[in-house]
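Now for the letters of each chain:
4 protein chains.
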Amino acid sequence: MIAIISNLVKEERLQEIVQHIEKQGVQAHVSRGTDRTVIGIIGKFDPTLAEQLRSMKDIENVIKISKSYKLASRDFHPDNTIIKVKDVEIGGEQIVVMGGPCAVETPQQIDEIARLVKAAGGQILRGGAFKPRTGPYSFQGTGVEGLEMMAEAGKKHGLLTITEVMTPEYVDVCAEYADILQVGTRNMQNFDLLRKLGTTDRPVLLKRGFSATYDELLNAAEYILAGGNPNVMLCERGIRTFETYTRNTLDLTAIPVLQQLSHLPVIADPSHGTGRRELVETMSKASIAAGADGLIIEMHTDPDNSMTGDGVQSLFPDQFANLLVDLEKLANVLGRKFDTVKQPLG
Amino acid sequence: MIAIISNLVKEERLQEIVQHIEKQGVQAHVSRGTDRTVIGIIGKFDPTLAEQLRSMKDIENVIKISKSYKLASRDFHPDNTIIKVKDVEIGGEQIVVMGGPCAVETPQQIDEIARLVKAAGGQILRGGAFKPRTGPYSFQGTGVEGLEMMAEAGKKHGLLTITEVMTPEYVDVCAEYADILQVGTRNMQNFDLLRKLGTTDRPVLLKRGFSATYDELLNAAEYILAGGNPNVMLCERGIRTFETYTRNTLDLTAIPVLQQLSHLPVIADPSHGTGRRELVETMSKASIAAGADGLIIEMHTDPDNSMTGDGVQSLFPDQFANLLVDLEKLANVLGRKFDTVKQPLG
Amino acid sequence: MIAIISNLVKEERLQEIVQHIEKQGVQAHVSRGTDRTVIGIIGKFDPTLAEQLRSMKDIENVIKISKSYKLASRDFHPDNTIIKVKDVEIGGEQIVVMGGPCAVETPQQIDEIARLVKAAGGQILRGGAFKPRTGPYSFQGTGVEGLEMMAEAGKKHGLLTITEVMTPEYVDVCAEYADILQVGTRNMQNFDLLRKLGTTDRPVLLKRGFSATYDELLNAAEYILAGGNPNVMLCERGIRTFETYTRNTLDLTAIPVLQQLSHLPVIADPSHGTGRRELVETMSKASIAAGADGLIIEMHTDPDNSMTGDGVQSLFPDQFANLLVDLEKLANVLGRKFDTVKQPLG
Amino acid sequence: MIAIISNLVKEERLQEIVQHIEKQGVQAHVSRGTDRTVIGIIGKFDPTLAEQLRSMKDIENVIKISKSYKLASRDFHPDNTIIKVKDVEIGGEQIVVMGGPCAVETPQQIDEIARLVKAAGGQILRGGAFKPRTGPYSFQGTGVEGLEMMAEAGKKHGLLTITEVMTPEYVDVCAEYADILQVGTRNMQNFDLLRKLGTTDRPVLLKRGFSATYDELLNAAEYILAGGNPNVMLCERGIRTFETYTRNTLDLTAIPVLQQLSHLPVIADPSHGTGRRELVETMSKASIAAGADGLIIEMHTDPDNSMTGDGVQSLFPDQFANLLVDLEKLANVLGRKFDTVKQPLG
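Protein chains in written order, with full-length UniProt numbering: chain W, 1 to 346; chain S, 1 to 346; chain R, 1 to 346; chain G, 1 to 346.
Please note that a few of the clues may not be correct.
Identical copies carry no separate label here, and so any pair may be met within one copy or between two of them.
[To be verified] With a Cα cut of at most 27 Å, we get these calculated DSS-like pairs of lysine-lysine:
(1) K10 to K70
(2) K70 to K57
(3) K67 to K10
(4) K329 to K44
(5) K64 to K86
(6) K86 to K10
(7) K70 to K155
(8) K57 to K155
(9) K155 to K23
(10) K70 to K329
(11) K23 to K86
Derived from the structure by calculation, the hints contain no laboratory data.
The whole structure should be built from the sequences, with the hints applied where relevant.
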């Protein structure tokens, strides 16, 4: 960490600041430049020291040289984290595909979609039971009943399940029904939720906030890891930009950057990342080429009548199946595996 | 609401779409342009209809003409909402000032600051007991003990109190100790928290998410209003922009816009809005000139040693007192009142 | 185009507005909703009509239904534009690679790099002679001398050349030396420059402004097309976002969207798009998977000593060569061609 | 300037880097931290050194401690720059108001508006003759004829004039007719234009690019100052944000920040900054409270029929006159002057 001080500050005051810093049990190296002085701060210090120094009179700026997260960092854990959920490995050579509707609506709907996800070669069934909606008058999900419907469909068709949890008090019930818990983009910095997820044994897919930096995403993951749950996947789902043609702007550079900074698996969500069905296939391929460890894709048998209106970004079942065929070819060229047991549709 | 369709779509399919729309119990007016057709949708419709239509094949775009929020809208409630908390009115002629530290630290700290807020003419004591922090290793607040310290200080010095609540399960305890509850920027779309706040009788100060639009902020307020709590204040606290010199970019245009779209009081937060002490006074004045109904300002007796590091944006007590003198002059010129009972500091 | 009017506006005034509109020689269809009235405006109208109406009292909003650009639109020109420059086709099945240094520095530098670009299978030599620099004290390029050096190197090694032109008065001299002219991100809306480029016979690579929308980019292209030059390539080179880890955020979704809205070829620039050498290879692959018609990539034999400091994003020659091998495999899987005549390096 | 290097880099390589740095004639102070090493670089160095180092292998990051602009910096020129144009001083105690139409349309239009600007107490007549328009089919201005009309109107009514110049080759003709030259937001980084403006003796109002940082704006000003023209005013005219309700988001914090970093006068443009007439008055007051040295405001006698469509943000003459009365009261309270010779309208 370094602190920057103008050379207009008097020597006496500089010494005061140095003493204040050294009282924290660290060393302060002073380097005088032509118009500014840099104090290098060395040793093990409390994470709040930077903020404390930033508040001090006469300190112009404080720049952290080391990262504020540790457990999420590749410096700390050089090998890839591979998350094993039953027979599926996430973060290894294999690319995983999570498919399903935006919202679980009826037992028939989720059962039929589960059958189609499995048949196409997907490994995980996605579906929302608790839905975060911008306004209070929109459909808010089928709740615990939805969880039940999805668990049943997953079991019947041999798929793992993933669902979103929105508030600490529902973590336990969601964990009872689903194999993987998902944190939505609006909850990336819902710290009480992250803390609670640190205490569960379910893997967590943590979506990047739509205006969050990589550093903030990794700090959010750190909350879960620090709570004792090592199984976190990061998910790039599109950021907000000035462009209104697409719902979000999928930031695919996030994939190699997060894999460089962290050992955690990275999943891409081209459905929310674009918000337009006709872009999902192309952006799924681009995500895999960018190195994604998996994809989470919306698919619906009747998108025109989906209850959330997110049908606009849902693939039709045949598009989903064709996409997975293409992804397999791509995976081969890129040195990844995508060997799934495709089932006949009959 | 209008739906837009390319003229490449065949007449037959257009009729199908029109029938689909009219099945929802609304009227569909078709207007054919040179290259696109507009369907005007008229009547009372379900808020999810827009989303449903947006998912339909052949519909290029759906544009909502009416607002998605109702109770928060000035169309619905033409007069200003004036929130009365004990003897303080928020949203009327009077400008209110909320002052205090970022975090409640010790009984002595909060008592001394409360004394200074009151002496300077402030009406409300701010202070965080539960602190949302980017990383898990930063100081997380003094919790319920902090609430107690602040309640005591407020009572002793004749100030109302406001504190942040981060999760639904803490709403009740915060409401027990504080007069006003605050929703932080990261929780603006924590919908379970908003719903819970709709059921309390405490007024709520709702901070705008740092990348939220005006429409999203008003929809978040709608969650609280729809739950039965009419006492919501909106707070502009700075948005994230490309500028890194300041912590956030205070969007003062939000003030007249929100007052035009809504009847709810609007408070400005120049402390978080700038993140730099030397800008707080100027931006406080600009906020009042922009029409703010009040200010929430950080003040600390020893900012160099504040526990959160937010001291960098905290005014010193004398700056705070001088600012309030200036604000009074400004209020007079602008047709607002700022008559507070200033107490001698002895 | 539709105009939206509140139902609080009186019938009489509405009729006035309708008459004002119809005086422009177009039809106005009035659709009354529950709280707002929509006027659909149909016929051939002047592009400034929308702006004029938006200024009218009582008109809340004007929404353009048709696009403001025509020649750049796929509606107008359904087939892909294929730009032929000597023996290279851009926008067809073949993927093109433009490689070279940020700035042309010396005859030896550009000659050696040209040799390596050709040997690796690139078709076009890139290099800046006039450099747009944030501050006036940075290296501003080698100017016309640089153009000469690059033209010579291109000729010797059988490569086309591309260079940036920054101001209308230099268009002719740049066109004399280079095969393709490039408009930089800061000049996307330098309308005098675009107009001048409309009068030249050189193809133009138009970089997207770092905060521009797709619509603005296509309108900028329209300036060149409307001037009589049909050979425009669009270039995604990264947008500005809140992320500071990378220099820009490469928006790969731009590729399929621009190809859908327009018939013009789309080139990706992963060098400026990321600003970090270690990300260029991965993002080049992702660009091709997203459907890019070509890539423009910085390569330098001695990036540590590059004169612009952009060496940080320049590939080393062996990385460049290996990348092109990988791109060929990828192109095959994606149904594109990448058959280049690689030359032995000896 | 400091360079940051991981401690994984070997001692030998570190020494190589240090030697490379010291060959530039500067000193390198090495500070080893627990996981990273900081090299402080001290002495007078070339502005490109930072960029060069950033490109070097093994250097993780380079952070400039000093600013890249000098002449624009308050460190270099502690006193405010006061620009004198005939009898008007900009940047002193007095607040200046520039008023007029978006575009100069006819002699009658500009004459009548000039009369009203003068009568209300404005000192400077604004009006565009060359108009930067997003698309090529919009009205592009009246050109040199417009310049003539405006010069005549200014002279007749005793007003200075300001107009936008878009390209280097028009600087001379604009300087012939207008007292102050304006650089538009899209041209803030049109470096050839800035260089040319450095050679003229006309003061320049430099508008901030709609996505530019403060640092980039000051570097753009540096181009003009370095060319020999000391009379530059900075103009905050709104930045692009996610909000679409307003055309731009006026960043008023820019005013005190730019005044702190620089000695140049700062002007606010609430017309483009909001894009909505009903917000201009409030945001003009807020701009003055934020410390602006002047305002540039659009006013039109018949905004419904303005040729650019920017009428939507133009004040009516009576609004303009009333606003100036209010600004005078505000100026008095804020310690600024606004004593203008108002003329009877008869």
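**Message:** Need the list of violated hint numbers for this structure, in ascending order.
**Reply:** Failing hints, ascending: 4, 5, 6, 7, 8, 9, 10 and 11.
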